[in-house]
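Peer 1: Protein chains in written order, with our numbering: chain A, 21 to 238; chain B, 738 to 938.
Treat the hints with care, since some could be wrong.
[Stated by the list, open to error] Derived pair list, reagent style DSS-like, types lysine-lysine, alpha-carbon separation capped at 27 Å: (1) A:K89 to B:K922; (2) A:K24 to B:K825; (3) B:K767 to B:K824; (4) B:K825 to B:K767; (5) B:K824 to A:K89; (6) B:K826 to B:K922; (7) A:K89 to B:K825.
[Said to hold, decoys possible] Per label pair, the in silico range of CB-to-CB distance: (8) A:P74 to B:N931: 13 to 21 Å; (9) B:Q755 to A:F68: 35 to 43 Å; (10) B:V754 to A:G81: 18 to 26 Å.
[As the list claims (entries may be wrong)] One-sided and incomplete, this derived list gives chain A residues near chain B with beta-carbon spacing under 7 Å: (11) R64; (12) E65; (13) P78; (14) K89.
Because the hints were derived from the structure by calculation, they are not lab data. Since the model is a prediction, treat every value here as computed from it, not as a measurement. For glycine and all other residues, C-beta sits at the position ideal for the given N, C-alpha and C.
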Amino acid sequence: MSCKATESLLALYVDDALTPVESQQIENHLATCSACSSLMAELREDRFRLRSLPIVLPPSGFREGLLRKTVLVAPRKQSVVRYLVPRLSSLAAALMVVLLASNLYLFPLVHSGQPVADQNERFGVMSAPPGAQPQAESDGILAGNMTPENEENLTQQDVQDDANNHAFGSGQKRMMITAAPAEAPEPDQPNYWLWSGLAGAGLFGLGTGLFVFRYHHN
Amino acid sequence: MELSDERLVELFQQGDVQAFDRIVERYEQKVFNMAFRLTGNQQDALDLAQEALFKVYRYLAQFRIQSTFSTWLYRIVTNTFYDEMRKKKRRPAIAVSLDETIEMADGEITRELASDDPGPEDISLQQELQYLVQRALSQLPGDYRTVLVLRDLQDHSYEEIADILRLNLGTVKSRISRARLAFRKLLQHEEQINEHWRQRD
Chain A
21 MSCKATESLL ALYVDDALTP VESQQIENHL ATCSACSSLM AELREDRFRL RSLPIVLPPS
81 GFREGLLRKT VLVAPRKQSV VRYLVPRLSS LAAALMVVLL ASNLYLFPLV HSGQPVADQN
141 ERFGVMSAPP GAQPQAESDG ILAGNMTPEN EENLTQQDVQ DDANNHAFGS GQKRMMITAA
201 PAEAPEPDQP NYWLWSGLAG AGLFGLGTGL FVFRYHHN
Chain B
738 MELSDERLVE LFQQGDVQAF DRIVERYEQK VFNMAFRLTG NQQDALDLAQ EALFKVYRYL
798 AQFRIQSTFS TWLYRIVTNT FYDEMRKKKR RPAIAVSLDE TIEMADGEIT RELASDDPGP
858 EDISLQQELQ YLVQRALSQL PGDYRTVLVL RDLQDHSYEE IADILRLNLG TVKSRISRAR
918 LAFRKLLQHE EQINEHWRQR D
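If we strip away everything but chain A, and leave its shape as in the complex, we get (with noise of 0.2 Å):
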């Protein structure tokens, strides 16, 4: 092995950070060489020093300047969509089953002739699709805090809503036919279903959104 080649691999050697066979070699060419034996006692001292170094302290006071500086600052904003995130799809969840079993509920009021018009007025907020503006009383976080988190989810849902409602087409015709309307359907009807309809994918697409988002973002 050659001066050169040892010198390299000198430092490593000082470290233990050669393999048996590497430090074999080493040791063979030092010890039939006393530039390299030197430079390699150099090097093990040169490491010993740093190693050492004393530990210098921070001053007095440093912790108490560092937190002073976070108490006007807050930490970056993900920290609120990895609160709400797990919350949001929870209530989606919950919001969707409630949908659902209004749904149920509705299902033999409409078709007993009473005009759907008034069970729009009662469920007029169940129904309203997420994009629209809904009614004051309905849930806060849903309706109003168009924070910049929740306008980013709702760009997910609406792509889920596209894929929704395409499947809920076919739904939407196999109820209406089990219905079996012997009178002419309310103008207002098919209305009702559409918007319901809709209301059921977007919450669905939403917490769905808000799962993925959840467990692979991150």
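Since chain A is already given, all that's left is putting chain B on it; use the hints.
Peer 2: Relative to chain A, chain B alone:
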């Protein structure tokens, strides 16, 4: 009860701001010491350490708990160090402290030490040596300095250093090798200068 780093981060991400205080408590000495050895003087070390920990605070919410917190922390410290170095490029690389003056003619050497400044007569041999080591360290190029500090002062393994600096293992090994050889030359030079001045007293 000793909570893991990752548990503290998790608590912070759930809204417990006190968790950050506990993280600082755990790491402030290591971070400051690392900053001091990288920058060579108290004031720059303070700036670097506080800046790095402040960044940790701001981005802690986005930290993925699957990774190792300390790796991420030291990566922030070294990156902040590189940033600060770039900003301060106008200053001479040799300066250990701005207060220090060296005159090669017949002036005196004034020195800033890690502790209070006792004056040249009161410096023990050991302290003198430590001072020279720091001077040599401060003259190394930034990337040689970081690997030596991480290896010999923080006692990280080669793999940990590779993680922290986002380099492959081979690069870390060759960088440490070159760093030690460069450090040898610098320390040799510092010892020679020091010997020259001691003989004059």
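Peer 1: Please flag the earlier hints that this structure goes against, numbers listed from lowest up.
Peer 2: Numbers 1, 2, 11, 12 - these are the hints that the structure violates, sorted from lowest upward.
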